[in-house]
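Colleague: One letter stands for each residue in the lines below.
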Amino acid sequence: MTTTATAPVPTNKLGLTKQDYVGAKSTLCPGCGHDAITAQIIQAAWEMNLEPHNVAKLSGIGCSSKTPTYFMSQAWGFNSVHGRAAAVCTGAALANRKLLNIVTSGDGDSMSIGMGQLVHMIRRNVPVVYIIEDNGVYGLTKGQFSATADVGSTLKHGDVNEIQPIDPCTLAMELGCGFVARSFSGNPKQLSTILKAALAYEGTALIDVISPCVTFNNHDSSTKSYKNAKDREMPLQELGFIPYYDHEEMELADGQAMEVGLPDGSRLTFRSVGKDFDVTDRLKAMKEIHEAHDRGEFLTGIFHIETGKPVIHDFTHAIDEVLATIPQERVKPGPEVLEACMRELM
Amino acid sequence: MTTTATAPVPTNKLGLTKQDYVGAKSTLCPGCGHDAITAQIIQAAWEMNLEPHNVAKLSGIGCSSKTPTYFMSQAWGFNSVHGRAAAVCTGAALANRKLLNIVTSGDGDSMSIGMGQLVHMIRRNVPVVYIIEDNGVYGLTKGQFSATADVGSTLKHGDVNEIQPIDPCTLAMELGCGFVARSFSGNPKQLSTILKAALAYEGTALIDVISPCVTFNNHDSSTKSYKNAKDREMPLQELGFIPYYDHEEMELADGQAMEVGLPDGSRLTFRSVGKDFDVTDRLKAMKEIHEAHDRGEFLTGIFHIETGKPVIHDFTHAIDEVLATIPQERVKPGPEVLEACMRELM
Amino acid sequence: MLTQASTSESVGGATLVNDFSIEVATVNGSGSQTANTVLMRTIFQMGVPVTGKNLFPSNIAGLPTWFQIRANHKGYKARKAGIDLMICMNPETAKEDVAKVAPGTVLIYDEPLKLNALRSDLAFCPVPFQKLVAASCPEPKLHKLVKNMVYVGVAAQMIGLDMIEVKSAIAKQLNGKQKAIDLNQAAVQAGFDWAAAEAPRQDHLRIERLDKTKGQIIIDGNTACALGAMFAGVTVVAWYPITPSSSVIEQLIDYAKEYRRDPATGKLNVAIVQMEDEIASAGVVVGAGWAGARSMTATSGPGISLMSEFIGLGYFAECPGVFVNVTRMGPSTGLPTRTSQGDVELCAKCSHGDTLHICLYPGNMEECFQFTYQAFDLAERYQTPVFVVTDLDLGMQNWASEPFAYPATAFDRGKVLDEAQLREIQDWGRYKDVDGDGVCYRTLPGTPGGKGAYFTRGTGHNPYALYSEKPDEFKATVDRLKRKFMTARTHVPKPVIQGPGVSRGILAYGSSDPAVAEARDLLKDLHGKDTDYLRVRALPFTQELEAWIDGHEVVYVVEQNRDGQMAGLLKEAYPQWALKLRNVLHYDSTAITAQTIVDQINAFEA
Amino acid sequence: MLTQASTSESVGGATLVNDFSIEVATVNGSGSQTANTVLMRTIFQMGVPVTGKNLFPSNIAGLPTWFQIRANHKGYKARKAGIDLMICMNPETAKEDVAKVAPGTVLIYDEPLKLNALRSDLAFCPVPFQKLVAASCPEPKLHKLVKNMVYVGVAAQMIGLDMIEVKSAIAKQLNGKQKAIDLNQAAVQAGFDWAAAEAPRQDHLRIERLDKTKGQIIIDGNTACALGAMFAGVTVVAWYPITPSSSVIEQLIDYAKEYRRDPATGKLNVAIVQMEDEIASAGVVVGAGWAGARSMTATSGPGISLMSEFIGLGYFAECPGVFVNVTRMGPSTGLPTRTSQGDVELCAKCSHGDTLHICLYPGNMEECFQFTYQAFDLAERYQTPVFVVTDLDLGMQNWASEPFAYPATAFDRGKVLDEAQLREIQDWGRYKDVDGDGVCYRTLPGTPGGKGAYFTRGTGHNPYALYSEKPDEFKATVDRLKRKFMTARTHVPKPVIQGPGVSRGILAYGSSDPAVAEARDLLKDLHGKDTDYLRVRALPFTQELEAWIDGHEVVYVVEQNRDGQMAGLLKEAYPQWALKLRNVLHYDSTAITAQTIVDQINAFEA
Ligand SMILES: Cc1ncc(C[n+]2csc(CCOP(=O)(O)OP(=O)(O)O)c2C)c(N)n1
Ligand SMILES: Cc1ncc(C[n+]2csc(CCOP(=O)(O)OP(=O)(O)O)c2C)c(N)n1
Ligand code: SF4
Ligand code: SF4
Ligand SMILES: [Mg+2]
Ligand SMILES: [Mg+2]
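Residue numbers (the numbering used here), protein chains in the order written: chain Y, 1 to 346; chain S, 1 to 346; chain D, 1 to 606; chain W, 1 to 606.
Heads up, some of the hints might be wrong.
To be verified - Here are the simulated SDA-like pairs of lysine to any residue, each with C-alpha atoms no more than 20 angstroms apart in a straight line: (1) D:267 / S:160; (2) D:257 / Y:330; (3) S:309 / Y:165; (4) W:451 / W:473; (5) W:214 / S:346; (6) S:287 / S:316; (7) D:257 / S:162.
To be verified - Covered, in the sense of this in silico footprint (three residues per stretch, anywhere, with C-beta under 8 angstroms from a C-beta of chain W), are these stretches of chain Y: (8) 28-37; (9) 105-118; (10) 161-175; (11) 288-302.
Calculated from the structure, these hints are not laboratory results. Note that the structure is predicted; figures quoted are calculated from it, not measured. Note that CB positions come from ideal geometry on N, CA and C, so glycine has one too.
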């Protein structure tokens with residue numbers, strides 16, 4: 001056999017290159033965790049041989065919600081309104097059940113304004129890979145606390161959070177979500193593995209990905225008392241300048257723990273769940289996650305998988321076809337039906 | 001000593017009779033579980049010597065949300081908008097922290113449209129006794145399923161619920177609510193005991209009270225196919241007629257279980273938590289509630305109490321006084337302050 | 001025993017044949033619904049035009065309810081203030097009920113209420129209901145249930161209803177439930193017999209056979225809307241219950257289960273989901289419309305307020321969707337079970353920023369059906385939210401109507417490109433105004449071929465659906481949206497115009513139509529005033545409306561709201577004619593009457 | 001080396017002293033904020049009136065940003081289209097930036113960009129930034145940070161800025177942070193020295209000392225609103241972040257921490273809570289207002305849409321509350337970082353049913369302060385939601401202003417009864433219109449004595465706050481609410497009226513004020529057209545406005561929205577004058593210019 005000088009660009013089962021799964025150039029801050037997640041979505045979509053034209057990528061509003069623009073330019077994107085991607089996605093799923101839905105959201109988008117919609121999307125088990133790009137802050141509005149910020153965490157402006165956080169994972173499990181996982185934007189291997197599993201899941205798959213905000217989640221703060229407001233101008237102007245943050249990558253063996261330095265200088269300990277971890281025992285898993293959190297550890301990995309759960313389409317009892325495009329003759333009853341209805345009313 | 005013929009009307013520490021705690025005449029259906037709850041609110045408020053003028057009774061919209069009219073006519077009532085009493089209550093609490101807040105809500109009001117507000121009220125630990133009068137249906141809109149309806153439960157019209165229910169108690173516990181309990185409108189003794197404990201609690205106390213809807217939660221249904229729509233008229237006309245339903249009362253010793261017949265003909269098994277039940281072990285309690293539910297049992301009683309949790313006032317760092325009425329001289333800074341601010345800006 | 005009123009003049013003079021009003025005062029939850037419907041239906045079956053209005057409380061049981069039946073040989077369907085026959089079954093309101101009627105009114109009441117003690121100028125007819133019920137119905141537990149049927153019998157005898165018709169009305173109403181039918185028929189008979197024996201003739205009020213209802217149906221507007229949606233092939237429905245709109249979807253569910261099942265699989269070819277709130281419902285409508293479904297929701301004022309943000313997204317991202325607003329009395333929760341036209345401006349300009357929405361205003365049952373059907377065509381043609389604005393009076397009251405004509409037109413799915421068409425096109429842009437009508441070509445998610453994908457957003461975008469913050473591109477987009485809205489002028493229902501062609505015009509819409517029709521006769525017959533009439537049926541306003549207003553000197557704008565909202569829209573659109581417009585307003589939560597219109601117009605011209 | 005433009009006429013003729021515009025094109029996130037502010041501040045410190053407008057993206061880093069500085073000796077503050085000095089630092093937009101300027105424009109740019117290759121008719125000034133930065137700044141990691149300061153130095157030298165002032169501006173800006181000050185001052189000096197040596201004189205653009213900014217402040221409208229709220233004694237604040245309103249609350253937090261601390265306890269006497277969304281924020285405002293607090297929120301369009309339902313509750317249940325809407329460009333998410341006046345109608349009639357809201361329209365920094373202060377008085381006096389409607393241009397841009405006058409007036413807490421007063425009153429009803437002005441007496445939860453308790457609801461109620469479905473009682477309530485709204489006509493800020501008293505009038509509001517002022521001079525000086533000017537400052541419209549419109553033949557209504565929303569409200573309110581009104585509109589998301597107004601008025605009169 002002969003070998004060619006240039007190695008051929010690898011393609012997946014559909015004959016598509018990884019390049020076919022990328023999107024527009026990111027306009028997020030250099031080093032933003034969200035971009036690292038986008039990279040793994042592209043990787044997983046390619047490896048899973050997703051047909052771009054059958055993918056709907058939806059989001060709310062936020063830096064995280066901008067990411068659908070940055071992957072799969074051949075898929076249908078919908079950057080909707082803040083916190084409501086779950087509802088829009090439910091509509092799209094009902095209209096066309098053949099679509100594979102990916103929602104990228106933020107901790108503010110999903111855990112604050114979007115809480116009601118998320119909870120009920122989970123309850124109805126809408127088929128979707130729902131990714132929360134979780135940085136504990138409102139990035140796009142320049143750094144206010146979100147509901148996932150840990151007690152004691154500090155923002156650029158120096159504010160300290162005192163209110164108990166909400167854990168999207170245990171919340172989803174409490175609500176009976178059939179696929180729940182957590183990962184870290186700095187752990188590409190684990191993240192892509194989880195994403196691939198989620199893309200293969202038939203119902204709502206919720207993934208909470210810790211994704212540092214390099215711009216607003218940092219301690220470079222000073223007193224915020226108005227007296228020193230001009231001091232504040234200083235960090236503000238540095239804030240005006242967005243440094244490139246080199247994303248520390250890691251890889252965790254099952255059960256192993258590792259401390260990671262975040263852009264805010266704080267350290268976060270990630271522990272990946274062990275081989276022995278029982279993803280079918282929801283209550284036990286919730287207990288372990290809570291206990292790890294109390295130990296100051298972020299448990300990562302797939303926490304819970306329950307297959308065979310009925311999805312929203314089972315509840316609507318609708319036909320298996322794409323509702324959006326059934327022809328008129330099948331959805332417009334004939335004159336005799338109208339007559340029958342009229343007779344009933346005489 | 002001499003005894004008088006007529007026994008004096010009993011009064012509480014404030015010298016008020018129980019009559020001083022009642023409200024307007026109820027306009028709910030005869031036998032509605034909500035009225036039984038109202039009766040216990042009156043009982044508990046009287047026994048706990050609440051000062052009526054310092055009580056704020058708030059609600060959203062629904063039959064359950066009408067109940068503030070039916071107790072403590074000397075307290076301040078606010079029947080606000082559907083699902084948002086939590087937010088209105090938060091505002092009232094911030095304005096006047098001396099108020100004792102009681103919210104009556106419904107399963108539709110709190111678990112559907114009000115989910116986002118409820119979750120975050122719990123997260124902020126707003127001081128309030130939050131009662132969910134839980135009948136699994138939307139009563140005031142004539143009987144659609146709510147998010148607490150159990151799988152398999154049937155409505156008057158014959159619809160069967162297939163979607164997994166949300167348990168307000170385990171949800172609240174997952175969110176870190178410091179006082180969580182469940183009772184049954186037909187168990188006055190347990191309910192008033194729980195209410196008194198809740199009234200004594202300093203933060204958010206959530207009580208889920210199973211409260212049968214005698215009108216819409218019943219099986220007297222027939223096919224709803226339009227062909228037989230006229231059949232539907234029959235139940236509908238009976239529905240037009242609201243029978244008096246005699247509320248079966250019960251009393252449960254700790255740990256004991258009892259099956260109760262509900263107006264809809266279905267049977268519900270209540271088991272009150274045992275003496276050994278550890279109200280401080282949140283995760284264990286959640287597990288037991290879930291397991292009981294899987295056994296088809298409704299666990300009742302106080303599930304979780306955590307005292308000393310910081311409340312919303314600790315997060316705002318506001319003064320301990322009533323903000324609503326601090327005099328102008330204390331909240332309007334003087335001319336020198338404005339001058340200082342102006343100088344900063346020159 | 002009919003105790004004659006003392007004063008002679010009080011016995012309402014001339015006999016009223018097929019032209020009088022009955023009001024029944026009961027407590028809600030007492031099951032009077034069936035009794036009242038039977039009473040109304042009987043008159044209908046006797047060929048006499050009749051309408052029934054249920055004035056019910058926002059409550060399930062125990063609060064006052066009034067049912068008003070108006071029989072009118074001319075076919076006037078509007079509410080009329082005066083009551084000729086009053087039936088008092090509610091102790092709580094008996095005093096007021098007696099007080100409000102005119103001298104000479106016939107008053108049927110439960111004997112123990114002793115209402116004859118309250119006034120001396122009425123024709124009292126005390127009925128021993130308890131006795132009659134006990135005699136006619138063996139099972140005591142059912143007494144309360146059939147008690148109301150007794151007054152039907154009494155009234156039937158007194159106003160000359162045909163018992164055959166009464167009984168067939170009962171049978172129709174209770175369709176096949178023999179036991180219930182027997183019980184109720186027995187009760188009616190008991191009332192009838194008692195009246196024949198004890199209540200001496202009164203010739204004041206008579207129903208005599210006509211043939212004016214032949215072939216008609218009795219229906220409510222919500223059911224008509226549900227039918228319209230079903231025949232429009234709606235495929236995704238998201239809703240949240242709210243009075244008075246709930247029955248739009250509940251009826252649709254019933255119809256769908258019968259007529260929208262896939263013969264092969266027995267499954268439904270429409271997905272209907274009860275959401276957690278109105279925000280989510282609107283989100284589903286937008287998302288489903290974006291994905292190509294014919295999507296809809298039905299709600300009322302508070303729901304529209306909550307949907308505002310999503311409706312703005314639908315407008316700006318150009319996603320089709322049908323929003324039925326069965327208006328109730330606001331502001332806020334207001335009076336959930338009472339009628340209003342108070343959401344006209346809200347729907348016309350719903351959401352922040354510059355927005356303009358297509359609105360349809362059905363004025364009768366046929367239009368509730370037709371316009372809901374047509375709303376889907378308009379939504380897909382113009383790729384935008386479309387409002388169908390009805391109200392509680394249309395939506396929940398019983399109306400006699402001609403049967404609906406089958407909508408022959410094929411669906412207009414609008415400008416949608418499929419794979420083949422895309423292959424032909426060199427340079428497709430989702431928001432390129434190729435045809436100059438402001439309406440662009442869209443594709444549906446899932447379209448293969450790799451050419452149709454685009455990115456939808458509520459933020460600024462250029463013709464190629466790319467994110468843009470460029471001022472000129474933003475202005476071009478909102479200018480095009482306005483152009484698109486104006487294009488719809490030629491597709492929305494034209495106004496209905498009537499009249500001899502005089503200088504005095506009346507402009508109205510929706511449920512005010514019957515009152516206007518009657519008012520025009522009164523103005524002509526009693527006051528010698530000719531009027532022309534234009535009924536607005538849609539936004540944007542059409543050229544016919546412009547010509548009509550231009551051609552009149554004075555235009556009375558009749559509305560059921562406080563602020564004259566439609567007049568406001570007209571003044572904004574047509575400053576040149578603003579001075580001609582006069583507000584004729586009714587907003588006390590009851591349906592408007594002809595007399596209200598007559599009085600206000602006369603006052604203007606006094 | 002300043003390469004002269006080839007064509008001679010291209011060297012912009014006469015020298016422009018203290019009257020030209022500078023635009024700096026950078027990438028957001030590159031830290032140009034400080035550099036630009038220093039440039040603007042220096043001109044300000046030299047006594048020359050100046051304004052700065054930041055055209056920034058809805059993004060954190062990497063997208064184009066433009067900063068426009070306009071120096072004008074007459075004090076014109078509006079945006080002006082032309083650019084006289086362009087500084088190109090953004091490779092991505094350099095092409096467009098070069099293309100859009102007029103011949104003769106001075107162009108400072110980063111040498112490697114080789115922009116001189118693009119056009120031949122500009123005065124090019126390529127600057128070796130990298131070299132200069134390296135020389136002036138020891139630490140490489142800080143090079144990017146100070147790079148922008150270099151162009152400040154270059155520009156300073158070229159337009160004749162005083163380096164003393166530049167350096168003090170830097171010191172002021174970086175307040176005390178000596179290291180940062182030294183670094184930046186060194187960079188500026190490097191740029192200045194280079195220009196002095198390499199960039200030969202240009203006399204086209206000069207800044208020369210004046211004394212027109214003496215004693216003035218530089219502030220943005222959001223900070224002014226925050227100050228207004230603080231001095232108004234706001235006690236409960238609930239908010240949800242949204243551009244461009246967030247800094248209203250963030251500034252308020254800073255001020256409160258400094259000036260609203262309880263001396264005794266060191267705790268705050270205001271409670272500020274970041275809520276989970278705008279619905280909850282509005283709920284807190286309503287609940288807190290009901291309980292007696294001075295409550296407020298600040299948001300923008302999407303937030304108002306979501307708050308609609310609660311605002312209707314506040315209106316109908318009569319709970320005070322202040323809602324600041326810093327308007328951004330809609331519809332939908334639109335352009336979050338660009339300005340608009342597109343929510344005028346939304347705020348005026350927010351929520352379903354018939355609603356009318358008090359709205360205040362500040363037109364400058366003092367009014368942002370005063371009106372926010374006054375909004376609390378109005379909210380409590382009229383027991384209703386009050387809107388303060390500003391926009392991104394007022395709220396987030398830097399404006400020179402006279403220092404604010406201290407609001408001497410005492411708080412107006414409205415009609416609130418305490419225990420003692422209640423004891424005096426025989427028959428108190430929460431919704432009884434005792435004074436005939438539509439404003440009733442309320443009590444606050446917690447009032448002892450057992451007489452003040454009442455039940456608040458969004459449903460129908462009678463004067464005694466009891467639930468009511470009675471039509472006449474409902475009508476009485478909404479009629480009273482309208483009466484109450486009309487009473488406010490006498491309390492809201494009157495319009496500002498200017499002009500010689502001619503027949504041609506210009507009506508505007510809010511941030512259009514500076515453009516109108518300039519346009520009036522242009523119309524007079526260049527076109528010989530005298531104009532009168534009325535600036536609307538509130539809803540409801542007041543009697544002064546009526547008299548003024550009545551007294552003019554033509555009224556040009558200047559607005560920054562597509563549909564002429566204020567004109568619409570005027571036409572609805574004053575049909576008799578509707579024909580006089582002409583729309584002058586600007587809605588491309590930039591701030592309106594004087595020229596736009598002049599052109600459109602001339603077009604009307606052509
Ligand atoms: C209705 C509405 N309210 C507020 C906003 C302003 N807003 C934009 S993004 C955002 C929060 C983003 O936080 P998150 O979801 O965590 O995304 P991140 O930027 O942190 O990735 C907010 C509050 C909005 N766009 N719409
Ligand atoms: C925004 C809004 N949407 C819908 C409604 C209609 N509505 C009134 S009560 C109710 C649900 C009541 O159910 P629940 O809270 O369980 O109270 P219940 O009547 O069962 O006690 C609904 C949907 C409303 N009033 N407001
Ligand atoms: S602000 Fe934070 S979240 Fe947003 S793009 Fe920058 S780093 Fe990412
Ligand atoms: S409908 Fe149900 S919940 Fe409502 S009052 Fe009647 S019984 Fe109670
Ligand atoms: Mg975030
Ligand atoms: Mg319920």
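Colleague: When I compare C-beta atoms, does the stretch 28-37 of chain Y have three or more residues closer than 8 angstroms to chain W?
Modeller: This one holds; 3 residues, not fewer than the three required, reach chain W with a Cβ under 8 angstroms.
Colleague: Residue 257 of chain D and residue 162 of chain S were given as a pair; does the straight-line alpha-carbon distance stay at or below 20 angstroms?
Modeller: 17 angstroms, holds
Colleague: Taken at face value, is the distance from the CA of residue 473 of chain W to the CA of residue 451 of chain W at most 20 angstroms?
Modeller: 23 angstroms, violated
Colleague: At a Cβ distance under 8 angstroms, does chain W reach at least three residues of the stretch 288-302 of chain Y?
Modeller: violated (count 0)
Colleague: Run the distance test for residue 287 of chain S versus residue 316 of chain S: straight-line Cα separation, threshold 20 angstroms.
Modeller: 34 angstroms, violated
Colleague: In terms of beta carbon proximity below 8 angstroms, does the stretch 161-175 of chain Y have 3 or more residues touching chain W?
Modeller: violated (count 0)
Colleague: Would you mind confirming whether the straight-line C-alpha gap from residue 214 of chain W to residue 346 of chain S stays at or under 20 angstroms?
Modeller: 9 angstroms, holds
Colleague: Verify the proposed pairing of residue 257 of chain D with residue 330 of chain Y, using a straight-line Cα cut of 20 angstroms.
Modeller: Between residue 257 of chain D and residue 330 of chain Y the Cα gap is close to 14 angstroms, so the pair holds against 20 angstroms.
Colleague: Confirm or reject the coverage of the stretch 105-118 of chain Y by chain W under the rule of 3 or more residues with a beta carbon closer than 8 angstroms to the chain's beta carbons.
Modeller: With 3 residues close enough to chain W, the hint holds.
Colleague: Taken at face value, is the distance from the CA of residue 165 of chain Y to the CA of residue 309 of chain S at most 20 angstroms?
Modeller: Roughly 14 angstroms separates the two Cα atoms, so the pair holds.
Colleague: Between residue 267 of chain D and residue 160 of chain S, does the CA-CA distance stay at or below 20 angstroms?
Modeller: Cα-Cα ~16 angstroms, so holds.
The earlier numbered hints that this structure contradicts are 4, 6, 10, 11.
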